[in-house]
Amino acid sequence: MRTSQQLQRIGISGRGLVVALPYLWLMLFFVVPFLIVLKISFSDIDLAIPPYKPLLEWVGRNSLAIKVNFNNYAFLFTDSLYLRAFGNSIKVAFVSTLLCLAIGYPMAYGIARAKAATRNVLLLLVILPFWTSLLLRVYAWIGLLKANGVINNVLLSFGIIHEPLTMLYTPFAMYVGIVYSYLPFLILPLYANLEKMDWQLLEAAEDLGCRPWQAFYKITLPLSRNGILAGSMLVFIPAVGEFVIPALLGGPNALMIGRVLWDEFFSNRAWPVASAVAILLLILLVPFMMWYQSVQARETAGAR
Amino acid sequence: MNYRSSYFVLTCLGLGFAFLYIPILSMVVFSFNASKLVTVWDAAHSPTLKWYVALLHNEEILDAAWISVKVALINASGSVILGTLAGFGLARFTQFRGRFTLNAMTTAPLVMPEVITGLSLLLMFVALEQLIGWPAGRGITTMTIAHMTFSMAYVTVIVNSRLATFDTALEEAAMDLGAHPLKVFFVITLPIIFPAILSGWLLAFTLSWDDLVISSFTSGPGSSTLPMVVFSKVRLGVSPEINVLATITIAVVSTMIVGVSLWMARKARLERVVA
Chain A
1 MRTSQQLQRI
11 GISGRGLVVA
21 LPYLWLMLFF
31 VVPFLIVLKI
41 SFSDIDLAIP
51 PYKPLLEWVG
61 RNSLAIKVNF
71 NNYAFLFTDS
81 LYLRAFGNSI
91 KVAFVSTLLC
101 LAIGYPMAYG
111 IARAKAATRN
121 VLLLLVILPF
131 WTSLLLRVYA
141 WIGLLKANGV
151 INNVLLSFGI
161 IHEPLTMLYT
171 PFAMYVGIVY
181 SYLPFLILPL
191 YANLEKMDWQ
201 LLEAAEDLGC
211 RPWQAFYKIT
221 LPLSRNGILA
231 GSMLVFIPAV
241 GEFVIPALLG
251 GPNALMIGRV
261 LWDEFFSNRA
271 WPVASAVAIL
281 LLILLVPFMM
291 WYQSVQARET
301 AGAR
Chain B
1 MNYRSSYFVL
11 TCLGLGFAFL
21 YIPILSMVVF
31 SFNASKLVTV
41 WDAAHSPTLK
51 WYVALLHNEE
61 ILDAAWISVK
71 VALINASGSV
81 ILGTLAGFGL
91 ARFTQFRGRF
101 TLNAMTTAPL
111 VMPEVITGLS
121 LLLMFVALEQ
131 LIGWPAGRGI
141 TTMTIAHMTF
151 SMAYVTVIVN
161 SRLATFDTAL
171 EEAAMDLGAH
181 PLKVFFVITL
191 PIIFPAILSG
201 WLLAFTLSWD
211 DLVISSFTSG
221 PGSSTLPMVV
231 FSKVRLGVSP
241 EINVLATITI
251 AVVSTMIVGV
261 SLWMARKARL
271 ERVVA
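Residue numbers (our numbering), protein chains in the order written: chain A, 1 to 304; chain B, 1 to 275.
Some hints could be false.
[Stated by the list, open to error] Simulated pairs of lysine to aspartate or glutamate, EDC-like, Cα-Cα distance not exceeding 20 Å:
#1 K53/A - E129/B
#2 K233/B - E129/B
#3 K67/A - D46/A
#4 K233/B - D198/A
#5 K67/A - D79/A
#6 K115/A - D46/A
#7 K233/B - E59/B
#8 K39/A - E59/B
#9 K70/B - E59/B
[What the hints assert, rightly or not] Label pairs and their computed distance ranges (CB to CB):
#10 R84/A - S46/B: 38 to 48 Å
#11 K53/A - W263/B: 55 to 65 Å
#12 L21/A - P221/B: 24 to 34 Å
#13 S80/A - I192/B: 31 to 41 Å
#14 S80/A - S6/B: 26 to 36 Å
#15 N62/A - P135/B: 48 to 58 Å
#16 D46/A - L262/B: 56 to 66 Å
#17 A18/B - L165/A: 13 to 23 Å
#18 S80/A - A265/B: 48 to 58 Å
#19 L21/A - S261/B: 43 to 53 Å
#20 S46/B - L24/A: 54 to 64 Å
#21 V32/A - L10/B: 35 to 45 Å
#22 T300/A - G178/B: 47 to 57 Å
[To be verified] Pulled a few chain A residues facing chain B out of the computed Cβ check, cut under 10 Å:
#23 L47
#24 P50
#25 R137
#26 F243
#27 V277
No lab work stands behind these hints, which were simulated from the structure alone.
Ideal Cβ positions, reconstructed from N, Cα and C, are used throughout, including at glycine.
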C-alpha cells in the first residue's frame, strides 16, 4: 500500500479520514452557526436584507472598525417580558419533568420487571408513539380538550359536569401536552438503567426485614440515579425551549422563551434580538447539557 | 425469578398506557366521523371514508408531502453515512485528536432546543450566501443540510452503542489474517451493525418527516413541508383531514415498527443459536 504510506507521511491516515467527514460537517453546520448567532446578537437591527448591520466596517481607507452593540442584551434585561418568559419556561420544564418522573418511573419499573416476552411488547408500545409525528399527537389533544371536545362531551353525557370545562389554551393544556410528548424520552433511559438492576438485592433486603417500599427507597431508587438523571435531562432541556406545544395548546398568554424567540424572528424580523435570546438560552442550558453528557458517559462505562 | 408486579405498579402501567394511547385512538376513530365538527360523532352518517377521499384530492397537502418525502429520503441516506462514520470512529478509535469534541458535537444536537438549532443554521446559510454566493436562497437543499445535521447525531448514538456491545475479536482476527482495514469494515463490521444502520435510517427519515421548527427556519418560499402545512391548518382548530393524515401515519408507522422488531427479534435468536 504505497499510497497509504505516502499519505501517512504527510499526516493523513485512514482513521483520520473516517472521522474527518462527520467532524468537519458538524464543525461547519453545528459549531460555526453558533458563532454567527453570537456575532449577530451584537449587531444593530437594520431595515435591510438581511435585517442587521455588519459588525466590521471599513471607515476610511485603512481602518476597520468593530462595532459591538450590547443594546440587544440590555433590551432583554429591561423589558420584563423576556425575563418572565425565561422564568416561566424553566418553571414549566421543571414541573413537567417532575410529572413525567411521577408517571414514567412506575411504568419503567413495571416494564423492567415484566416477563421477557411481555417486556418487549410493552417496550414497543412505549416506542410506537415516539415514532408517530409529535405535531399530530399534540394536535390530538386539541380535539380532546376543546370546549366541544371528547373529554367535555363524555363528562357532559354522564352528567358529571353541566357546563363544558375550559381546558384548551390554558397552562393545564400545555402541561398535559409536554408531559404527553416527552414521556417516552424519560421511560426509555430509565428502563435501560432498571433493566440492568440486580433484583436479588431487593429480595435480600426483604429477607433482612425491609418493607417493600423501604427496600425501594434504599436500594432501587439510589441505584437508578443515573437513569433518573438522564431521562429527566432529556425532558427538561428541550422542554425549556419548546415551541410547538405552547403555540398549539397554551393559548396567547403562554409565555415560553422558545415562542418569544420564534415571534421575534418571524413576526418582528428582529434577528439580532432573536439571536441574543438564543445565546442567553444556550448559556442557561449548557451546564445541563454537560451534566447530561457526563451522566451518559457514566452509564455507558457501567454497561461495558 | 418469581416476582409478581404489585397492584400499584400494574395500575400505573395501565393508566400510563391509556394516557399514551387514548389521544392516538381518538384521532383514528374520529377520522371516520362524517361531521365537520370532528369531535361530535354524527351517528347517522358515520363511519365514512369521505375525509380520506378529500385528503387524496388536497393538492396543498399532497405537494407538501412530496417535498417532505424527498427531504426525508436524502436526509436519511446522508445522515446514515455521516452517523455511521462518526459512530464507528467513536467506538473503535479510542484515542484521536478531537475525540472529545466529536463526542460533544454528536451528543448536543440530541437535547438542543430546536429553535436554537433552526435559528443558528438559518443565520449560517444567510452569512454563507453573502460570503460565497452559496446557497442561493433557501429551500430543499438548505433544509436537507439542516436535517442531516441533527439526524446524524441520532445515527451516531445508535451505531456507537451497537458497536460497544460487540467486542473487536472478529475484526482483529480478520486483520491478523491480512485483510485490508476497508475490507474488514465492509465484510465484518458492516453486517454486524446493519440492524443499527437500518434503525438509524428509519429514525432519521422519521425525524425529518416530522420536523416543523428547524424546517420553518431553513426553508424558503415554495418549499413548505407537510408539518409546516399541518401546523398552519391546526393553528386554526381541528380539521377532519388532519385526523385522516394522522390515522394513515399511525398505520404506516406501526406496521413498519412491528415488522422491523419482529425481524430483529428473529435475527437476534439466530445469532444466539449460532453463538
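L47/A as an interface hint toward chain B, with CB separation required under 10 Å: violated (16 Å)
Hint check for S46/B and R84/A - Cβ pair distance inside 38 to 48 Å: At 46 Å between Cβs, range holds.
S80/A versus I192/B beta-carbon gap, inside 31 to 41 Å or not: Once the Cβ atoms are compared, 56 Å apart, the range 31 to 41 Å for I192/B and S80/A is violated.
Restraint status (C-alpha distance of K67/A to D79/A at most 20 Å): With Cα atoms ~23 Å apart, K67/A and D79/A exceed 20 Å; violated.
Satisfaction of hint between D46/A and K115/A, Cα-Cα up to 20 Å: violated (63 Å)
Outcome of range test on Cβ distance (S46/B, L24/A; 54 to 64 Å): holds (56 Å)
Given hint F243/A near chain B, where the shortest CB pair must fall under 10 Å: Constraint on F243/A satisfied, holds at 5 Å.
A265/B and S80/A - C-beta distance against the hinted 48 to 58 Å: holds (56 Å)
Given hint E59/B paired with K39/A - CA-CA distance at most 20 Å: violated (41 Å)
20 Å Cα cutoff - pair K233/B, E129/B: violated (32 Å)
Cβ distance range 55 to 65 Å for K53/A and W263/B, holds or violated: holds (57 Å)
Given hint E59/B paired with K70/B - CA-CA distance at most 20 Å: holds (17 Å)
Against the hints set out earlier in the document, violations occur for numbers 2, 4, 5, 6, 8, 13, 14, 15, 19, 21, 22, 23.
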